[in-house]
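Visitor: Chains A and B supply the protein sequences, listed in that same order.
Position one of the first sequence corresponds to residue 1 (our numbering), numbered consecutively onward.
Position one of the second sequence corresponds to residue 1 (our numbering), numbered consecutively onward.
Do not take every clue at face value.
Here are a few chain B residues that face chain A, going by a calculated C-beta distance under 8 Å [claimed, not checked]: (1) M42; (2) T251; (3) T255; (4) P305; (5) A343; (6) L379; (7) G413; (8) F415; (9) M425; (10) P450.
Chain B residues, not near chain A, derived (Cβ > 10 Å throughout) [stated by the list, open to error]: (11) A56; (12) P71; (13) G100; (14) I196; (15) R205; (16) E464; (17) V474; (18) L479; (19) I482.
These are calculated hints, taken from the structure and not from any lab test.
Quantities reported herein were computed from a predicted structural model and do not represent experimental measurements.
All residues carry an ideal CB built from backbone N, CA and C; glycine is no exception.
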Amino acid sequence: MTARQTADVARPASGTPSRIDGLPLRPTDVLPDATIERIQAGSLRILERVGVEVRSADMIRRLDAAGARGDADEGRVRFPPEVVEEALARAPHSYVLAARDPACDLTLDGTRGFLTVDGNAAEILDLGTGVRRASTKEDLAQITRVADGLSQIGFVWQPVAARDTPLPVQPLHELHAQFTNTSKHIQLMTAVNAEQARGAVEIAAIVAGGEDELRARPILSAFQTSLSPLTYDGPALEAAVVYAEAGVPSGFVAMPISCATAPASRAAALVQSNAEILAGIASLELLVPGAPTFYGACGTVMDLRTGAATCGGPEDLLFQMAGAQLARRYGLPSSIGTNATGSKTADWQAGVENALSVMASWLGGADMLCGAGLLYGARVYSIAQLLLDAELFDLVRAMTDGVGDTDEDLALDVIEEVGPGGHYLAQAHTLRNMRSQWQSRFFGRDPWEDWEAAGRPGPSDRARARAVAILAEHHPAPLPDGVEEQILEVIAAYGR
Amino acid sequence: MGAEPAPRIRPVPLRMRLEPLSENAVERIHRAALEVLRRTGMHVRSERLVRALGEAGADVDADQLRVRFAPELVEEAIARAPSSYLLAGRDPACDITLDGTHSYLTLDGCASELVDLTTGERRPSTKADLEAATRMADAVPEVTIIWQPVAARDAPTRVQPLHETHAQLTNTSKHIQQMTAIDPDNARGVVEMARIVAGGEPELRERPIVSAFQCTLSPLTIDGDPLEAALVYAEAGIPCGWVSMPLSTATAPTTPAGSVVLTNAELLGAIAAVQLLAPGAPTFYGVCTSTMDLNSGSIACGWGPEENLFSLACGQLARRYHIPSELGVFGTGAKTQDWQAGAQHMLSGFTSYLAGGDMLCATGTIYAGRVFAFEQVLLDSELVDIIHALEDGMSVSDEDLAVDVIDDVGPGGHFLAHEHTLRNMRRNWLPRYFDRATWEEWEAAGRPSPRDRARERARRILDEHHPDPLPGDVEAELLRVIAAHEG
Chain A
1 MTARQTADVA RPASGTPSRI DGLPLRPTDV LPDATIERIQ AGSLRILERV
51 GVEVRSADMI RRLDAAGARG DADEGRVRFP PEVVEEALAR APHSYVLAAR
101 DPACDLTLDG TRGFLTVDGN AAEILDLGTG VRRASTKEDL AQITRVADGL
151 SQIGFVWQPV AARDTPLPVQ PLHELHAQFT NTSKHIQLMT AVNAEQARGA
201 VEIAAIVAGG EDELRARPIL SAFQTSLSPL TYDGPALEAA VVYAEAGVPS
251 GFVAMPISCA TAPASRAAAL VQSNAEILAG IASLELLVPG APTFYGACGT
301 VMDLRTGAAT CGGPEDLLFQ MAGAQLARRY GLPSSIGTNA TGSKTADWQA
351 GVENALSVMA SWLGGADMLC GAGLLYGARV YSIAQLLLDA ELFDLVRAMT
401 DGVGDTDEDL ALDVIEEVGP GGHYLAQAHT LRNMRSQWQS RFFGRDPWED
451 WEAAGRPGPS DRARARAVAI LAEHHPAPLP DGVEEQILEV IAAYGR
Chain B
1 MGAEPAPRIR PVPLRMRLEP LSENAVERIH RAALEVLRRT GMHVRSERLV
51 RALGEAGADV DADQLRVRFA PELVEEAIAR APSSYLLAGR DPACDITLDG
101 THSYLTLDGC ASELVDLTTG ERRPSTKADL EAATRMADAV PEVTIIWQPV
151 AARDAPTRVQ PLHETHAQLT NTSKHIQQMT AIDPDNARGV VEMARIVAGG
201 EPELRERPIV SAFQCTLSPL TIDGDPLEAA LVYAEAGIPC GWVSMPLSTA
251 TAPTTPAGSV VLTNAELLGA IAAVQLLAPG APTFYGVCTS TMDLNSGSIA
301 CGWGPEENLF SLACGQLARR YHIPSELGVF GTGAKTQDWQ AGAQHMLSGF
351 TSYLAGGDML CATGTIYAGR VFAFEQVLLD SELVDIIHAL EDGMSVSDED
401 LAVDVIDDVG PGGHFLAHEH TLRNMRRNWL PRYFDRATWE EWEAAGRPSP
451 RDRARERARR ILDEHHPDPL PGDVEAELLR VIAAHEG
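Chain A with its partners taken away, still in its complex shape (with noise of 0.2 Å):
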């Protein structure tokens, strides 16, 4: 299990805009050496004592075929510490998610976190009206586009659900529109069973170019979750091994619920969501050897009153810096999940909690934030929530420029120049600096006599305005000829 890299990492070069801003990284360990252990040790004595459910007699035994100890009967699957940690060695530390751009690749090797279009809702605000309605196919091809235009979005995860569409080869809709939408790296989190996730090895494999291509280029990769308690479906693994042999990361991700699917305590909830990972990363490697995978962490605690998940108190946050911790203790990439605020609508709550989620996943070190776009827990998108996450990733990412102790920074010269009592406005010093200050899109500024003769306009009107202007002015990089139609061809081959 080796530590990945962790170094300082340089600024990014001046010059053409880039089309993807990572976050830099300088993991910051919340938990000590001593809890991580006990952590660990607690969920390989899980793995090895209960085990976790899988709901696929075929799959159970394939799994006890490769090392692990299966009971068909039981439906049971159980690993012991020295299988996970064998299993675990396989899984590469470091591989690049390929984009269909390739000035869209994304590393991941622990010295940049990437934030995601937030997944998977089945209801939408409407940009028009601001009304909540059920998603369409439409609604997820505009998302993925004004995630295309903005540079704090790293890849896309299926903002909402395609629900107009036929329910089998929805997954294989849902990548249609995205893939005819942005040419950065999708992340499919909807494809989960072998069906479906052959579908999109083929959907990807044409637009990579090629079975080969994509092995080599994967501009798709793909996760499964956990049922919490310890538990994956039969056709979820099956999914995970399908993307596995076609090259394409499958990583897994643990959404428990304190209290409800998961333990009330912190420690314990984290236990089980540790143990859960590995479970489902142990089974991928003990069947595909070295296929890419990643830690997904996603924890959350039930709200006494309503049942429903909380999403973004501060036991998220410590669930975010833990898992991200475990993650580089076995050396995975990690996949975090980040925002979602538990508010309804972008106000107060939803500034506070994102803000805060978004600096814990940082500080935690996340290689991929997710996502943006999400309120009310998880359960409804909107595309303004969308441009105001990534704001504050953005503010977040310019914290990381650090002070800096050049001279030109620290401007000695001039404070003695203007003398006290002077001021800096005309300064050279000023004129020449002054625009690599962050400047904010949707923070208001106006005098509060403005403010009210222009109707108290909020952030999120701001937001939404430029989502319609991203939507009117932002086309992404089209398909090649004859592609849409070969994709479309696969999705009529698996609709029938």
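Chain A is fixed; fit chain B onto it per the hints.
Guide: Structure of chain B alone, referenced to chain A:
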């Protein structure tokens, strides 16, 4: 104070820390500030004080009112400042020791307008508003130090700071930090009033229930009156800090490091000046450096990445000098409790906490410190509560790890009814103002916001909370002091 067994004050333990400056960068900034004080020096607008500083060893130009400090002189002077001291409360349960182990949140100051709690509209502030704001803050444990949140604009200007002090001594038994008495006469009035409440001159020296601060004028200027006031406080044993509030690009260099150098030079210069004239006086290193909005030329209304970096960097510098720090926090540019206010306050609050600030200033204003809002104090207290919950961290006793419980429930089960859940679920954080109702409930209730809930609670506190009264005829004596200074 009602049924709640809450502590009177709730400081945040400082365990996590973020230090963006390398040791080398800290030294470069330190040496750069010394160089500014040696070469450029400070403009001190008082012949008397310039002469006095000259006699105390500074290199002065009496005609230009310029004071330059040799690096050794600055180092010697700041080494005299105590690294730890007491800020007493009238109620000893509100005592604060600044020793680097905890962070203390102050109530903001000093807005000239406020959002009326009844109408929700902005209007000029009065002494009665100051009393109400102080009384509410007295009941909020996260607020540990009381500035003057709004100006008593209906009081006679000359003794307005004394009216403000009166309004506060009668409405809180927490520690008061006086920020509006910025001339020696008002400072003397404050000292007299504080002595009356403390029970005498030695009692106040022993237990300073009031502290104060003065501001530098950026760049590199100190007015005579604030420096005289600082000396009045020092003589009475009242801790008096210095706060530098330059605006990067306008009154400080536009580069973040240049702004930090200027801030540091001003604070070292001001603190050295007082230490040369009143050796050993308790003081603090106060930072409220911000950026100018390039579009409007006004203050950028708060808390972008630069402000957060200023806090982190200056927290490191204050620790280098072993002087307690007071770091700017909150102070959103937003005009209401919206996404911007939430995001800016959470980022600045968390960053200043990670910066290790002894005092975090301050809670309660919006519109870049120009308008006070009662509800803002309560919403900010929720953020402090979140940081507390983060600080609690993750304990790993067997009860915490619950391996047997996980085994007991097994795959596919649930924890809802498990005894371990019932025992532990209340340890999870519960919000006061966050909305966690279902969408349907929320719409049916008319989409209430966190601000609505905070306003409601503010009104309830004002209805129900009664601060510790002053004994006997103390208030009458306070009013006599004001009358004497007015006349």
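Visitor: Flag every earlier hint the structure violates by its number, smallest first.
Guide: Nothing - there is no hint that the structure violates, so all of them hold.
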